[in-house]
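**Student:** Each protein sequence line maps, in turn, to chains A, B and C.
No gaps in the numbering here: position 611 of the first sequence is 611 in the numbering used here, and each next residue is one more.
No gaps in the numbering here: position 17 of the second sequence is 17 in the numbering used here, and each next residue is one more.
No gaps in the numbering here: position 64 of the third sequence is 64 in the numbering used here, and each next residue is one more.
What the hints contain is simulated information worked out from the structure, not anything from laboratory work.
For every residue, glycine included, the Cβ atom is placed at its ideal position computed from N, Cα and C.
Heads up, none of these hints are tricks.
Selected chain B positions facing chain A (Cβ under 7 Å, derived; list incomplete): (1) Ile83; (2) Gly85; (3) Phe86; (4) Gln111; (5) Gly113; (6) Gly114; (7) Ala117; (8) Ala118; (9) Val119; (10) Gln121.
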Amino acid sequence: MATATRYIGKPLKRKEDPRLIQGLGHYVDDLRLPEMHYAAFVRSPYAHAKVRSVDVSKARTAPGVVLALTGADVKGAIGFVPCAAQIPDMKSAPRPVLAVDRVRFVGEAVAVIVATDRYAARDAVDLVEVDYEPLTPVVDPERAMAKGAPVLHEPYKDNVAYRWELEGGDLKKAFKQADKVIRQRIINQRLIPMAMEPRGVMADYKPGEKQLTVWSSTQIPHLLKTQISVMLRVPEHSVRVITPEVGGAFGSKLNVYPEEALCGYLAMQLGKPVKWIESRRENFQTTIHGRDQIDDLEIAVKRDGTVLGLRCKVIADLGAYYQLLTPLIPTLTGLMMCGCYKIPAARMEITGVLTNKMATDAYRGAGRPEATYFVERAMDLVAAELKMDPVEVRRKNFPQPEEFPYATPTGLIYDSANYQRSLDLVLKNSGYTKLRKEQAQLRKKGKLMGIGLSTYVEICAMGPSSAMPAGGWESATVRVEPTGNVTVLTGSSPHGQGQETTFAQIAADMLGLEPDEVQVVHGDTAAVSYGIGTFGSRATAVGGTAVYKCLEKLRSKLGQIAGHILGEDPGKLVFRDKKILSKSSKKSLNFVEAVGAAYVAKTLPPGMEPGLEAVTFFEPTNFTFPFGAHVCVVEVDSETGDVKVVKYVAVDDCGNVINPMLVDGQIHGGIVQALGQALLEEAVYDENGQLITGELMDYAIPRAADIPWMELSRTVTPSPVNPMGVKGVGEAGTIGATPALINAVVDALSPLGVRHVDMPVKRERIWQLLHKPSGRAPAKAAPKKRRAR
Amino acid sequence: MKVEGSYVLEASRAEVWALLTDPNRLARLLPGCERLDPDGPDRFKAVIKFALAAISGKYDGSLTFLEKKPPKLLRLRLEGKGIPGFVKGEGKLELGEKGAQTELRYSGEAQIGGMIAAVGQRMVDAAARRVITQFFESAAAELKATSAKK
Amino acid sequence: MIPAAFEYHAPKTLEEALRLYERHGDEAKLLAGGQSLLPLMKLRLAAPRFVIDLGKLRGMNHIREENGKIAIGALTPHAEVEHSALLRAKCPLLVETAAEIGDVQVRNRGTLGGSLAHADPAADYPAAILALDAEILAASTSGTRTIAAREFFVDMLTTQLRPGEILTQVRVPILAPKTGTAYCKLHQPASGFAIVGVAACVTVNRSGKIEEVAIGVTGLGPKPYRAAAAEKALRGKKTNPKLLADAARTAAQGVEPLSDLHASAAYRREMAAVFTRRALERAVARALGKKA
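Given the sequences, and given the hints that come with them, work out the whole structure.
**Tutor:** Take a look at the structure:
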């Protein structure tokens with residue numbers, strides 16, 4: 001960057017935090033409007049049932065109730081829940097906002113009540129009589145695919161939503177030339193995203209102005225605005241979406257939910273504001289779930305550890321309906337299946353399956369953690385099979401730094417990397433050689449210590465529009481106000497990422513100002529130009545670049561103004577310390593004076609438009625591919641099976657860094673979330689389709705006390721894809737850490753012949769492996785029968 | 001959820017059979033059963049109020065005798081729906097002679113849906129055991145009372 | 001998460017509370033710290049017509065030495081037990097147990113009396129209360145009676161407390177000389193409840209003979225219990241690692257362990273042995289004045 005970096009690269013404290021820490025932020029539930037009404041939903045306790053009748057008559061006359069509507073009541077008035085992903089020959093699985101004649105997962109709404117207060121609304125829910133005729137639920141995805149399984153979406157004849165294939169390189173040759181073929185079934189369990197703030201919607205309709213305003217805890221205000229307009233069949237300019245503070249999402253709010261359209265509809269019906277705040281129980285049942293794949297791997301490998309080919313068959317449990325991106329997520333697993341390795345041939349076959357569960361969709365990493373997890377497990381399986389050090393297997397298969405941009409057999413172009421460098425650094429920082437010696441000592445004493453390694457690459461900065469279902473660009477508007485303050489408007493509405501700080505850092509450096517002089521505005525579709533949103537680690541690389549490009553335009557204009565006034569060559573002016581100055585002549589103009597000139601418009605260069613505002617819709621040419629290497633050390637209690645993470649060392653490379661403190665925060669959070677998946681979390685549906693991990697008493701998420709000290713460091717390999725050379729970091733920790741943790745656990749158990757353990761490695765699972773002779777997991781054993789998940 | 005086990009009652013098979021198939025007496029054995037009214041052959045409407053410390057819930061449902069092989073085997077189905085969700089159980093009771101006593105072997109499978117299924121995971125096992133124990137204890141008491149009357 | 005309507009009472013005196021409780025019978029629930037009752041009410045699994053909040057009662061939050069015992073008021077929060085200097089010196093088992101309950105928020109709100117009266121099968125306190133042979137005081141409009149800990153727990157969520165009775169105080173003995181205590185627990189990772197929790201109280205004489213031993217176990221079955229077989233195997237014997245391990249192996253004797261998502265019956269049974277051994281080892285070491 002041709003800019004002084006006073007703030008870029010510095011660990012500035014977040015501008016957002018003082019208000020959030022002091023409880024001065026406003027989430028949806030903090031907003032009040034006069035005459036507020038509250039919605040509550042009647043939800044199915046059955047996973048699969050015909051709805052014979054829904055009787056809301058008692059609820060309608062209950063105290064405080066103003067409206068009680070069933071699926072039949074709104075059927076013609078509100079469109080289906082949208083799905084932006086299209087896969088060739090995909091079955092349709094339309095989800096009405098309220099179930100009409102059939103429910104397909106526990107928690108699906110069949111009626112909505114609106115009352116003058118939350119208590120009245122909730123009381124009336126219990127007065128609604130629904131006559132269900134239970135149908136056999138389809139829970140296990142493999143059984144769902146079997147002949148004769150009950151079909152979720154008639155008139156289709158089966159539950160296979162789609163089949164998707166991807167192949168690159170000469171796979172036949174690879175498997176023919178292989179010295180060994182290693183096979184392993186790997187399960188990536190279903191997870192609950194569990195944002196701290198559940199979903200929430202408030203809607204208000206002004207009939208005179210014909211203006212519907214919807215406040216929603218969402219990652220995608222603009223897309224939501226469009227979808228609400230389509231679902232409710234109102235002109236898009238009549239809809240405004242406002243996203244106040246969002247208390248986390250992890251992908252779960254990258255979606256359009258029935259409640260968002262319904263609250264809008266209810267507000268329009270009543271002419272009164274309507275609010276709905278999701279309860280934690282509803283959040284478990286009806287906010288999208290993550291992951292849920294069965295991955296059958298075949299690895300073709302030479303005796304020296306060179307991987308020649310990789311074949312993977314994925315069964316992806318999509319749940320009962322498609323949410324916004326549901327069918328698309330597993331395909332990302334296909335794209336990233338080769339990881340950071342030069343695997344010449346690869347084939348992916350995905351079967352998307354419909355089951356009586358909540359839909360799966362984007363959850364931190366969204367399809368990529370699945371790929372990284374199995375390819376990193378694959379490297380360790382190769383190492384175990386060939387009795388090699390996992391480090392050596394990885395080195396053997398890395399592309400060399402000079403091979404970038406590197407084309408994968410799955411059709412991606414990795415932008416830039418130096419995998420050797422991050423691996424070397426993590427080995428050094430963790431004292432890998434010493435750790436292996438310690439491990440040998442401990443093993444002699446019968447102690448179970450494991451060292452796990454993961455070298456990952458992921459796909460960020462989503463992304464070029466050509467590869468995205470609904471636009472991959474991002475918008476920004478930057479305005480210098482007449483007094484010299486700067487307003488940055490971004491379409492990447494954050495939900496905890498800290499754009500208010502990082503974008504202010506960029507603007508401050510570009511214009512020679514202080515970050516406090518920059519205000520970042522987002523999340524109001526009436527204020528901000530159409531944008532895409534914050535997900536897929538895209539905010540800085542795509543949204544930030546749009547801001548950067550606006551700032552370039554403004555610098556150019558301000559430079560011309562200053563040059564005109566100072567009589568200097570605009571090309572030779574720099575922005576520093578609130579001045580625009582000429583390096584050669586030392587002449588300078590106060591920044592505010594130049595800005596004033598733009599607005600007062602008396603001393604502008606001839607022909608120049610007044611004002612100081614720039615708009616950019618930035619379209620990236622490629623994704624970016626951050627990478628890193630993690631080392632994890634665990635100790636396993638051989639009596640209880642308890643796993644303790646005793647050391648965690650990470651080296652991550654996300655290109656140039658705007659704010660290292662925020663990057664570290666993202667890595668910390670990511671590793672913690674990975675630890676959750678590896679050791680604790682699992683959304684369990686019983687054989688009847690009941691979500692029996694229905695609350696935080698049974699669904700374990702990591703807490704502060706479960707978290708080891710994390711030693712973080714970075715290498716910096718700038719991306720050539722955008723002018724700031726940034727890549728993205730929001731999901732890296734989660735993607736890189738899960739395999740490191742499991743590789744460590746398997747390594748700890750390897751003296752017992754264990755080659756693989758599925759997540760989450762709960763204590764009892766390890767205890768069984770340790771204490772039952774049959775617990776040994778032989779190399780080519782049939783996949784063990786899994787509980788319906 | 002699967003349940004199985006056995007319980008020995010101090011009465012003949014005929015007496016136990018009579019007890020289990022008489023809706024008026026059976027109603028007294030089912031914990032929390034407020035009503036058990038005939039609703040067709042071998043089918044009864046049931047109102048059950050379940051209470052366990054602070055936890056309570058009312059279920060409307062039905063009891064059906066699916067198969068009767070006096071005095072050896074009784075297969076039955078119990079279904080209930082209420083505010084906390086639904087329960088549905090199917091099971092069989094086998095009556096074995098053990099001298100003057102009768103050994104009742106039970107096995108069955110229960111489905112629980114709704115709130116209890118979602119949040120009551122860790123309590124379900126213990127609660128089911130308690131309901132079964134209460135049922136057999138009531139049966140023993142009922143039989144004792146009957147034989148005392150004779 | 002919105003409870004059904006209820007009538008709220010906040011009596012200022014125990015007498016008033018007892019009268020209210022007697023009047024409303026089983027339509028009323030007592031609210032102490034609310035850590036069990038309020039979630040149940042929010043989920044509407046419990047919908048009492050009357051809630052009698054004991055929080056305003058005076059004189060039920062105390063920890064004091066009385067007649068050679070420590071008396072703890074029923075409304076004493078876990079956090080106060082955890083940080084009590086008196087208990088640390090004279091009944092460290094309760095301190096160690098309280099520190100293992102839930103999380104900081106739960107410990108600040110939840111109370112000793114509330115926990116015992118609720119009788120959750122996986123609660124921590126019952127193990128310690130049993131191992132200490134504590135006394136539980138229950139008041140009613142007709143007076144106060146004392147219930148021995150061993151008689152107190154009847155079944156899951158069920159105690160000896162009669163309708164209309166309010167648990168007012170718990171009395172625990174002062175740690176005897178040459179006695180060591182310990183509470184060892186396997187946490188359920190989500191809720192923090194005990195999959196198995198074992199409280200041990202062991203008196204060892206100079207020659208290493210176990211003079212007295214009491215072992216309370218929670219989490220394993222529907223109600224907490226004393227591991228009588230293990231106690232018997234230890235009493236009067238000279239302590240050694242094998243003795244402790246062998247005795248611990250009988251900890252689950254006669255109990256049919258619960259089974260749930262987090263631990264099967266077989267695993268719980270095995271963990272009962274492991275954690276009984278660990279608690280015994282720690283308690284014995286402490287009795288012998290070793291750091292553990």
